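Participant: So the chains spell out like this:
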Amino acid sequence: MSDGVQELQKLADSIVGKAKSGEQVEAYISRGGETSVRVYEGEVEHFVSAQSEGIGIRVIKDGRTGFAYAGTLDADAITEVLAEARDNVQFGTVDEWAGLAEPDGVAQIPQKFWDEELANYPTDKKISITKELEKLTLAADVRVRAEEANYEDGWGETAVATTTGIRESGRGNSCYVSVSTLADDGDESLTGFGFSVGDSPKEFDLNKAAREAADRATRLLGATKPASKLVTIVLDPYVTSQFVSILSSVLNGESLAKGRSLFADRLNQQVADARFTLVDDPTNPLAYTATDIDGEGLAARRNVLIENGVLKKFVHSSYSARRMNTKSTGNASRGGFAGSPGVSCLAMQVQPGTKTQAELISGIDDGVLIQDVSGMHSGVNTISGDFSTGASGIVITNGTLGAPIREFTIASTLQKMLLNIVDLGNDIDWLPMRAVGLSLVISDVMMSGA
Amino acid sequence: MTKSQTTEPLVATDVLERVLAKGRSTGAEFAEIYIEDKRSTSAGLDDGKVEQVTSGRDRGAGIRVVSGETTGFAHTSDLSERGLLAASEAAAMAAKQGGGGVNKVQLGATLRHPVNNIKISPDGVEKSRKVELLKRADAAARSVNSAIVQVSAGYGDSLRRILVANSNGVLSADDQVRTLLRVSVVATGDGGMQTGYDSLGHTIGFELFDENDVEELAIRAAKQAVTKLSARPAPSGAMPVVIKRGSGGVLFHEACGHGLEADLVGKSASVYRGKMGELVASPLVTLIDDGTMTAEWGAIGIDDEGHPSQRNTLIQDGILTDYMWDYLRARKEGRVQSGNGRRQSYQHLPMVRMTNTFVINGKEDPDDIVRDTKHGVYIAKLGGGQVDTASGDFVFGMTEAYLIENGEITEPLRESNLIGNGPEVLKDIDLLGNDFAMGNPGMCGKDGQGVPVGDGQPTLRVRSLTIGGTAA
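If you read the protein sequences in the order shown, they are chains A and B.
Take the first sequence: its letter number 307 is residue 307 in the numbering used here, and every next letter is one higher.
Going from the second sequence to the numbering used here is simple: count from 1 and add 1000.
No lab work stands behind these hints: they were computed from the structure.
All figures in this text were calculated on a predicted structure; none of them were measured in a lab.
Heads up, a few of these hints could be off.
[What the hints assert, rightly or not] Only pairs whose alpha carbons sit at most 20 angstroms apart, straight line, appear in this in silico DMTMM-like list of lysine to aspartate or glutamate:
no.: 1; chain 1: B; residue 1: 1275; chain 2: A; residue 2: 184
no.: 2; chain 1: A; residue 1: 125; chain 2: A; residue 2: 184
no.: 3; chain 1: B; residue 1: 1275; chain 2: B; residue 2: 1333
no.: 4; chain 1: B; residue 1: 1127; chain 2: A; residue 2: 43
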């Protein structure tokens, strides 16, 4: 354990030590830093070097919960935060299930979250990598401009302690590069992006990021607006990842407890095509959002949620588990020190099929390869299940990719889309998102255009 | 919560001068310090219970140093002179461009641009009164109909004190108070569950609830959910769309607002680049961005670069008259900034952002606009949206909508997105009402930063928009 982490754990312990009789107290502390480099036209547009820290304290007494936070670890501020959290307790409604997590004996699976090489990576090389990425992107295609090339890295240390015996701390760091592109053809400009993620910068694949950014922007040049009709869609891995992420709300045990899951009463029933198996597994080190503990400090674990199309499990925090008379699945999630834990899937994985994307496409007579979607937040309702997003992509005719299309929507319901999964690709892509990517084929989706 | 009604500056002027001088010590031509002290209270009710009251405190400084085309930035939560000087040095190093230069900075008196007078600072209001609002909203929503099965309500207020000083001599301060209430409702029926949502937010204090009825808000959200229980699938394809007053400002936010931000225009990442003085919209359209609109959600006394907010006409009678500007983009073009340099917090760099963006009144009677529409969709409430500024393609969600048949509003429709292309849709606006209203409080996201924005418009018709439903 590093000195910094130890210091945070000691601080968390000392706050928990101030709990009065009858009080449950949780202290969550984090500290971190980031470097951000943006390059435009060969020059550094901005260079950000910053550190931040903060603390969130939760107090529960007689079934009532209060919370407060501050973006500093200044001693006076911490005293004020504890006092505010205590003061806030009186305004909560008594909730018989309110409470902190208790150690449940599930062992953590050790993973590597800290890279020493990244921690010591020289600043001038971060800048030269970013400039190199911009150069490679421009070289990939004459029609392409770079809107911005970015290098980002960050490190963080956290510690959590509770009066119920949770005591966990750790640190991690990560980095990525990304580039946003524009491709021009006459009056028309289209956008693209590419990125690369690694434990340290030496793992970056700049050429791949540059090529993808150029391809994404140029692939849709000349796209037209299609006519409306029912089609079979092939979701590109990047789009599938966004689609699968949405299912986190539907499988959320707290939503279930509060009557907001469209899968309430569907446990052990067929909710998806038999080819579809969904697992939440933050213990898989390949997952970008892999973790060893959840937001309450319990061990992260593998949970099978949908198996061969049958709904097997909802994900729970200790709170939602108590309400539903079950055990936490290690799925408390936390956005940082400024909030108390909620529930979500942590690292979603779909069991792959056997075909490449090209093989999937070759079997489709009339369809669309969906390259990108927009408005996931405005057109998808996880309570009613209504699904409608903006999209762009490439027409599939008799098994062959044809003309690009854009400015259309794809629509169905989440319930139908899961049942209408007709095939899955073998092209697993561990994207820097909460869910894995792979090609996913869904039939009978309404395409709305001209 | 402790009262913080004080006129004490967040940091003394002589300290600011030394911090700015340090920022320029490596030869940079511009240094800026942005100090923020934000206190917030929020409370959430769900499933009939007040789940949690949260108190928050965020305080710190962001220091920006500009040398040529390069910006260096560092931030710190340590507001002592030592902490600020260290951050200033880090920002200067980040922007480092060779040897020493002029490094004396002199600031005048602080300029204050109060956005409006806060009558009841939320800081001084008992938390129990804030929680009471949530209980009232819950009871009102549940009273609407037995089909209402779940209600969640959220209250939030924030007092954000900011101070901006820069090496050009700018020294400005502002206290920004915002108060918000939102209600989400779930109703259930034979066809499954449906949702309703409404919110109320202004740049004022707790007097918000003297001037607005919490029960009315909750009942509106509940009725929306109940109405949608009998909704049929939204149509699929292009057709005329009528958007109710005060519900569709997000259309302009996405269709052209972002595209008129000078940072995107400057990189030719906007479909509106090079269009100054050209007809970019129907001659009916005059589009304004106005940060001075007292009490509106996007109102600010000063922007986050210390520039007083102002009213800017972006499109006049369909002709593009200006973009929106922050300091850096204005400096590059040798013009003045427009009060649109905003940031989420002291931990963020400012960039060009909207404030309150709206289309002013036309001449039509809103009822006539519906009557004039033979077949189409009437949107009573829009959700969020998203735009690709380079292509101009944008989407936005409709959370409450109805069919228009033979000039009458008829059956409710299920939710869906709409899609269009900004410049085409602006030109396709063929009827504009005389019933202007501002819409719900919004949070606009750009490059990972969220800032509060307002929007508004009179009832209007777009000749053709693509509805992304499932019905043929």
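Participant: Evaluate each hint against the coordinates.
Facilitator: Here is how each hint holds up against the structure:
Restraint check for residue 1275(B) and residue 184(A): the C-alpha separation of about 17 angstroms stays at or below 20 angstroms, so the hint holds. Restraint check: the Cα-Cα separation between residue 125(A) and residue 184(A) comes to about 31 angstroms, which exceeds 20 angstroms; the hinted pair is violated. The suggested pairing of residue 1275(B) with residue 1333(B) holds, with an alpha-carbon distance near 16 angstroms, which does not exceed 20 angstroms. A hinted pair counts as satisfied when its Cα atoms are at most 20 angstroms apart, and residue 1127(B) with residue 43(A) does not qualify at roughly 51 angstroms.
Violated hints, in rising order: 2 and 4; the structure is consistent with all others.
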